[in-house]
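Number of protein chains: 4
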Amino acid sequence: MPRTIIGVMGPGEGASQEDREVARELGKLIAKKGWVLLTGGRAHGVMHAALEGAKLAGGLTLGILPAAHRDDISSAVDVPVLTGMGEARNVVNVLTSDVVLVCGMSAGTASEVALAIKTHRPVVLVGATDTSVRFFESFGRPFGRARDAADAIRLVEDLLSRKE
Amino acid sequence: MPRTIIGVMGPGEGASQEDREVARELGKLIAKKGWVLLTGGRAHGVMHAALEGAKLAGGLTLGILPAAHRDDISSAVDVPVLTGMGEARNVVNVLTSDVVLVCGMSAGTASEVALAIKTHRPVVLVGATDTSVRFFESFGRPFGRARDAADAIRLVEDLLSRKE
Amino acid sequence: MPRTIIGVMGPGEGASQEDREVARELGKLIAKKGWVLLTGGRAHGVMHAALEGAKLAGGLTLGILPAAHRDDISSAVDVPVLTGMGEARNVVNVLTSDVVLVCGMSAGTASEVALAIKTHRPVVLVGATDTSVRFFESFGRPFGRARDAADAIRLVEDLLSRKE
Amino acid sequence: MPRTIIGVMGPGEGASQEDREVARELGKLIAKKGWVLLTGGRAHGVMHAALEGAKLAGGLTLGILPAAHRDDISSAVDVPVLTGMGEARNVVNVLTSDVVLVCGMSAGTASEVALAIKTHRPVVLVGATDTSVRFFESFGRPFGRARDAADAIRLVEDLLSRKE
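Protein chains in written order, with our numbering: chain A, 1 to 164; chain B, 1 to 164; chain C, 1 to 164; chain D, 1 to 164.
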């Protein structure tokens, strides 16, 4: 049976130390729950940190990559999906995730949150700024907010239980 | 020689009366300048209004559609491009536009603004709320702001002259 | 109202002199009929020859490009659509064409013919080899065959009249 | 470290009994080798048979789906990737596979073989007809041919050893 897939989205090269720490913790907790971790798969920032966390906890990791070749893949990706579609792979990230967790914010991340809201995927912002929260609230669709990784995972469990 | 293409992005079904009026005016002015108008091509909201404005002024209109069939196309589209890729067509909208004009805000529109910032396409927000401006400013990349359609077109001319 | 769009597909860098001559003639005749010419938009082979033919006859030309930037675009493209999706743009070529005309054969072209058959777009092979004809016949779906450009255009007219 | 991913492509609804049997055997052998099996992920034909074979042998299975929702997924897919891009997902199938194994032929399958040749992915046709072989040979690029599943797996091992 298809497994539950949880996406972790956030800045690549520009991720803060704090974003990466939260991402690593999210990856660990996702793996411990037995869920598959999805990220954008590159060897940078939130993607890479979440993937490393999941591997430390023995999880299965999926990376949806913008490139057509196995360049710039995080070594913590088990299953690299090469789209060759650049930023259009952000749509695949979102559609494939049962829940989208967001850790930090960048232009690429913002496109993923917006696409998740548009395509009705459940979104949880972890440690988001007021500016981000106010912006995404303006679309009138519900999304979750979490203080930290553990709080985010509780919200994911709640969202998944409502789907069944 | 490839013509200049100006994109107008904004809400579809949920567009306000005011958004549609600004969009129609943008379409007219884009056509009068001899630029090709690009929109998402559907028969709704900002897309449809901008396309109608451009056709009133005798312009050429391009619609980049999410569907694989000629359903739900605005009758004011001259050249419908059928992507069959759903929301991934938002990336094509942005990459194809020499300048992206934004009129109103929705989740789909937000994904386009974010993708334009990410892929370094010039963006002009027309009549944007403070919430939107503050959010997009947080990415640290420049974008334009215009009060109305005429103001937006002046900014486009300025942006195009710098490209040459 | 959306205009009729006729696609011309064929080899890029590896196109033969004969393929390019037929493509140029197809471009001219498509333009004379008032149809929009669609190609893959690059400055090579069948794409470039068909686009040049259409411009000589005063037609409107659409190029669906694999890249995210205005590099390697044929100067005979009026409206360049930048997909940034590499070979996935072949799907857009096919879906957007009311009829797909094929002139010469390469791996990329073969993918377009196969996708056109799969997505039920009318296909006409111009001057195809027996090997190609036999292969595509094996899918049990009808497609047209033309000896030369004039013959191909007659088939397109016939196919379009049946759609109305 | 990213795992080796072997794609099995072939007809969906129209697959023959023989194609499905070979596909099931390919899935089993791929799983026994410790490779990840990739298919188009739907609950039909060669995709479904290969996935079932891999699960019988305890393998990990990846399905790259055309839809944006978890409809029509084979129950033997562990990791469903939802592209929402229709036939454009065929490009992802091919790019993601270290080797593309082909079992039976349909228009969709032909597009995948052509795209694999175009993007320089190694291809092995299993039990192909002379018509198919002659057609794909016309592109002047090498591809493998196998009599049966065991023969195909030997060719995959050989191709993988040359990559290292």
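Take the hints with a grain of salt, since some may be wrong.
Said to hold, decoys possible - BS3-like mimics (lysine-lysine), calculated; alpha carbons at most 30 Å apart, straight line:
id	chain 1	residue 1	chain 2	residue 2
1	D	LYS33	D	LYS163
2	B	LYS33	C	LYS32
3	C	LYS33	C	LYS163
4	C	LYS32	B	LYS32
5	D	LYS32	A	LYS33
6	C	LYS163	B	LYS32
7	B	LYS163	B	LYS33
8	A	LYS32	D	LYS33
9	A	LYS33	D	LYS163
Everything labelled a hint here was simulated from the structure, so no lab data went into it.
Only a predicted model underlies this, so the values are computations on that prediction, with no experimental measurement involved.
Contradicted hints - numbers only: Going through the list in order, the structure violates hints 6 and 9 and respects the others.
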